[in-house]
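Chains A and B are the protein sequences, given in the same order.
The first sequence: position 57 = 57 (my numbering), numbered continuously.
The second sequence: position 286 = 286 (my numbering), numbered continuously.
Bear in mind the hints are in silico, worked out from the structure with no lab data behind them.
It is possible that part of the hints are untrue.
[To be verified] Pairs of lysine to aspartate or glutamate, EDC-like flavour, derived with a Cα cap of 16 Å:
(1) B:Lys86 / A:Glu72
(2) A:Lys46 / A:Glu96
(3) A:Lys46 / B:Glu263
(4) B:Lys86 / A:Asp70
[Said to hold, decoys possible] Here are some chain B residues pointing at chain A (derived, C-beta under 10 Å):
(5) Thr92
(6) Asp123
(7) Asp173
(8) Asp231
(9) Thr234
(10) Pro301
(11) Gly303
(12) Asp306
Glycine included, every Cβ here is placed at the ideal spot set by N, Cα and C.
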Amino acid sequence: MKTKTSTMLTKLSASTFVLSGAMLLAMSCMSTTSSNADAAAPAAQKSGSTLWAQNCRRCHNFRSPSDYSDSEWEAAMFHMRIRANLTGDEYELIREFLKSSN
Amino acid sequence: MNWSKLERRVGCCMLPALLTTASLAQESGGSEVEKLTKKVGDLESQVADLREQQAQGQDETGVSLDEIDEQLTDMSKNMSTLRPGKRSFLLTGYAYAGFNNSEGSDSTFGAGFVPIFLWKIDDDLFLEGEAEFELEDSETHVALEYLQASYVINDSMILGFGKFLSPSNPFADRLHPAWINKLPDAPLGLGPQRIMPFTQLGVQLHGGVPVGSQKVNYALYVSNGPSLEEDAGTYGSLGDENLSDLNNNKAIGGRIGYFPLPELEFGYSLEFSQVTASGSDVSDADATIQSFDVNYTASIPKGTLDLRGQWAFSDLSDVVYDPNATDFGPATLDNSRNGGYLQAAYRPSEVKSSMLSRCEGVVRYDQIDLPDGAPESTDQSRWTFGLNYWTGASSVFKLAYRMDDRDAPGTSVDAVMFQWAVGL
């Protein structure tokens, strides 16, 4: 009985997961580039400093903009885009904030 | 000085002198005329000198401008050599050193250095690699922790391939670096004694999708997946050093993270894999691994609160280990495991005292439940209390006390741990 319940729960979780993944994948495929991003997207309404504060702190303390040069921030921010799953808008705004503040 | 102005000034000076000369010559005779004539001669000589000085001044100015022009040209050339190229590179990473005194074993110092190499090749392509140098059992352990190439497909989709930190294990993916992990050790089930993979070797699609004012993160991957351990001391557990796949079946998995608020994330991950090696005497075993996680980091009065939790569940097919009884078998397990942690940290970063604002208190509960008869160890739970002192944004001293509780009597191992860690 326990095994059957566990199997059903696993299948339910798997179905939910696969369905959610498919929906997200579809939404991602429809995503636009930064230049014509949806103005209603949250990132487009926030400043680079706000996004920097919200996203970086989720895992670690704030790194000072003066820690790296502009060129080094280019590499560091791409790394964080991948690690933190930043959207294109979030990436651009945070990167510009850091480069203008260092 | 303007030359015409100079002439006018000299002329103004000379005119009264000449008029005076003429009148005095009539009154005083030839000697006075001679004197005045000499004065006029002197004045003419002074005018000549002034003309010469003016000319020299023009020459000097001309030379200076030429020099400045030449210097500017040189600087311009130098600037072009200093202009950053299209590619960007950063060598970063972290390092740590520490001391561990565990009950029942010798206390020891330890250290590690983990450089991370980042290359932004162009606006869409990125390469990152992390090496690990760790002092372990009187040897220097060297490993390639991850090596991933990433290609940006669009604003919300990135294709990654190579060896990457497992997206289904948020502790591994984001929190394990020593300068980020708030305690000196890793939680049960997710760190060294793990029930879900730390890294994957394969390909992944991942990104973030805005959903109204909220956001969803996702990752989907196909990888070599974990491998089933069949040795006497570890049989039934999963290893993730499956660098050359042991069978033709690939693991499929992923994670969804939902942000109802910017400070709050709920995550769920799932992975399916077939874990028995081709040609093994053990029959094919399927593994299903799930993980739930929650992360909350926010400013509260006088400081920052950081709450985290992750719990993983693994379920493997019931198979017979060492079925031919060549070593320890035949043996079977009801092979379901679970483990994870809950952690709270508070740093009064906004208080006036500089020393107090650098301190951070941490408490963590972690646990792992193993199947009856599993060879590695018994069920285990721990409470760990830590005090951190931040000397900078990425430099911290950690002191922690870990209380261990294991099912088997007399096997619990309390520990005092100290660690210094710095993010580079």
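Which numbered hints turn out to be false for this structure? Going through the list in order, the structure violates hints 8, 9, 10 and 11 and respects the others.
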